[in-house]
Amino acid sequence: MKFRHAALPYMIWSSVFVLVPLGLVAVFAFTTGDGAFTIDNIARVSNYTPVFMRSVWLAILATAICLAIGYPLAYLMSRMNGVRQRTMVMLIMLPMWINFLLRTYAWMTLLENNGVINSLLRLVGLGPVRMINTQGAVVLGMIYNYLPFMILPLYSIMTKIDDRVIEAAQDLGANPFQVFSRVIFPLSVPGISTGVTMVFVPAISTFIISRMLGGGSNMLIGDLIDAQFLGNAYNPNLGAAISMVLMVFILLVMSIFNQFDDSEDREGLLI
Amino acid sequence: MKKLLSLGLALALALPLLLITAWADEMDYSGMDLDYYTRYKGQGKSLNVYNWGEYISDGSDGSLDVNKAFEELTGIKVVYSTFDTNESLYAKLKTGGSSYDLIIPSDYMIARMIEEEMLLPLDLTNIPNFEGSINERYKDPSFDPGNRYSVPYTWGTVGLIYNTTMVDENDLIDSWGFLWDPVYAGNMLMFSNSKDAFGIAFKMLGYPINAESKEQLDRATELLKEQKPLLQAYVMDEIFDKMTGGEAALAPYYAGDAVTMMEDNPDLAFVVPKEGSNIFTDAMCIPKEAKNKELAELYINFMLEPEVGLANIEYIGYSTPNDRVYDLLDDEVKNDPVRYPDQELLDSCEYFVNLPPDLAAYMDEKWTELLSSDERYSRMLMPLVMLGCIIATISLNTARTMRKNRQPHN
Amino acid sequence: MMKHLRRFYIGLVMAFLYLPIGVLILYSFNASKSRSVWSGFSLRWYRDLFSNQLILSSLYNTIVVALCASVIAVILGTAAAMGIYSIRNKWFKSAIMNVTYMPILNPEIVMGVSLLLLFVSVNQIGAGITAVTGIPMPELHLGYLTLVIAHVTFCTPYVILNVLPKLRQMDKYVYEAALDLGCSPSMAFFKVIIPEIMPGMATGFLMALTYSIDDFIISYFVSSATSQTLPVTIGAMVRKRISPEINALSTIIFVVVLAALVLINLSALRQERQLQKKQGGGA
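Taken in order, these protein sequences are the chains called A, B and C.
Under our numbering, think of the first position of the first sequence as 1, with each following residue one higher.
Under our numbering, think of the first position of the second sequence as 1, with each following residue one higher.
Under our numbering, think of the first position of the third sequence as 1, with each following residue one higher.
These are computed hints drawn from the structure, not numbers from a lab.
Careful: at least some of the hints might be erroneous.
Stated by the list, open to error - Stretch by stretch, here's where chain A covers chain B in the computed footprint (C-beta under 8 Å, at least three residues):
1) 84-90
2) 364-371
3) 382-391
For clarity, every value in this text was computed on a predicted model and none was experimentally measured.
Glycine included, each C-beta is placed from N, C-alpha and C at the ideal position.
One chain only, chain A, in its complex shape (with noise of 0.2 Å):
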């Protein structure tokens, strides 16, 4: 078929509105703010090595537990009958209707030395328990916001382990060990390493949720890029630095992580 030329206006598209643009981050990266070339802002963003190695720590603390409460509940919702399964997908997907930074708000409600679980907890004769403003909060808004992230390609991926795999290896002698080690761990990594890459790219890279609830002082890599740009420091140049430090540094992390996976198309991607 002959569609070779079809192809063309996306690839224009493409080189314009996402290649050009980090061509300019990296230009802006490598600029002072009167053009001149300078490693200035590149060196600088070592300065914020605390933030950075934070954002790092709560992304991978996010993912974690992400896969840890997501990986049992995919794979009972795949081992349901089809009616079940429709209405549990649809059950995980309907939050994400409710626009993510009104969700974040609901928890402030929550969370608060005033709020409706203190309330609940002094309900009962114990003491208020300080949940807003720590990192465990910033975790917690991670989490809930891209728990969705990891359970459906992980449930998209166990859907196609066939049950007769799993009772073959049981005919065989496993134990219910060896058929989750040997059997269902293995045929799920590819949703494992699509739902990690859509959890720990977001979780990293995440502004406003640590405002909302890590009370301000939970600065993260996301907060500190908003404030060169948007915010409190203007100063594109160090932000450009910032951003582009963080891209090498996912794509590094990703790379790593692709190394696992030897699927060619990264499958369950699409939700």
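We have chain A already, so just place chains B and C on it with the hints.
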């Protein structure tokens, strides 16, 4: 996938909402120069106004909807949007591409914008209300000599807001020092903007409110680091919900907002500490990119109308520099020490000025350091982590290639 | 025992997912503006919603931008998928696919920032040309145009990734047969290929629409006062205080989506049952 199908239904439901409009209470236009205000009527003009959040009477709770009243009077459509700090306003203007016609920054930011030629000079003959309205004290301010670029909108002080039921009744809250009192650990909020936070630290140290040297900034940073473990959070406008909801006992904020909070929660009180504080003026300016300078001047004039000014001041709780508005206020408000403090207190307050670029940059740096100071990481850690990732990628890749080469496809 | 444990676990996760939504819906009926104090049942926010110009115009902007962006994305993406499918050069193909994955895998904040830099740079270059040559260059304002460009950019990959598998599943000889039987290429395209890839296009369109409507981060960087979408407006509000009308609007959307999903699921269920019955009757 199927959730998406339902979208059409959602849209179908949402669209009719757009067709319905309701009307707020009508305004009395008598006493206004109608010829002046209606000269652009029917020309389909519009005006982009960029203001602080909740900084205008917007028709909620039975107040006057100022923008709607302006639209009805003049036939000019107001496109209204909001910012949350002077610095984000500055960033938005510097970035360009947005074409605002009217902005309301604070004093030091106006000075900076004048210096960087970001504002258009006003034509005061187009703003006839200026002369008879603005109090002499607020004319010809230090940040804009001769009011060439700005017309004051509001003014106010910074002080401590506290919840009388949550502070020790033996404590007479009158000093910034209470923000360092371990008794209130976990019960205090602090400004999440560098200017105001450093200002408080400077006053604690007995310095002038504007940084004069890097050493002063270093000392202030140390002081703020001592305070950090005692704080519940760094906040800006989130403070409204937190203080009225009894989430915190003590916090510094702007007097006008304190008034609003005290209306919602009578347990709250406000004081300007004895060490002195910051006094500010927010003023209306026209940015260089403005497309409709005359319309913006018309809007400024409208905002100075006594009835409009009164609606705004009553709604937002700040203090007015407009004599004709002040005269309309109740005696109770006129004598309110929060909004209209006596001369002695005002004399203890200082304006912020536009800092020299190197000090401003240093302050930013120290501020970020403060916000991320509880973890001690070496600066080398980040390059090392990146390097580690690169090595890991390469070695894994080689390992895999070697494995593949050793076992050709079976 | 195991069964109860399973149920308990699923229930726990669901409770986690729906707890904040419950709070949000509850407070949309709160009589006062407060986010934390319950002061009685009231429908006032549902009434006020219809007179809140800011929310209504943001909703309107959101819908306009999402529809424009999704339609463009579907056309651009379907054409691109056809092209990519026909390209034989493996290296070239994987290069295009990598660029396609970029908007999906790149952090949104970097996408937003990079597009902002592009738009700002275009204006600066334009101003530079004007300064040198005296020819006035049109200014690119942040607004509908930049929003639609940005949304098309991150939506098109989803269309491509949905259409490509459908093309691969298609029997390519059908197209050639149509040509042999006297169809012009364009006729064959519309009569043979389009029906085959229609499900992929539809899914791509709906995904584009959803992502566009929900996008906050990229829109935050490329929109301006005159073109705020609903998420951007909400983003400005959460820094101060959410006006409860937004909660009311979200509740309405939530209920509508829920109802639609239940209806779709029920009708799918009925169809399945009928199918089973027919098959059962035939056997």
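We went through each hint and held it up to the structure:
1. 84-90: This one holds; 4 residues, not fewer than the three required, reach chain A with a Cβ under 8 Å.
2. 364-371: holds (count 6)
3. 382-391: Result for this restraint: holds, n = 6.
The earlier numbered hints are all upheld by this structure, with none contradicted.
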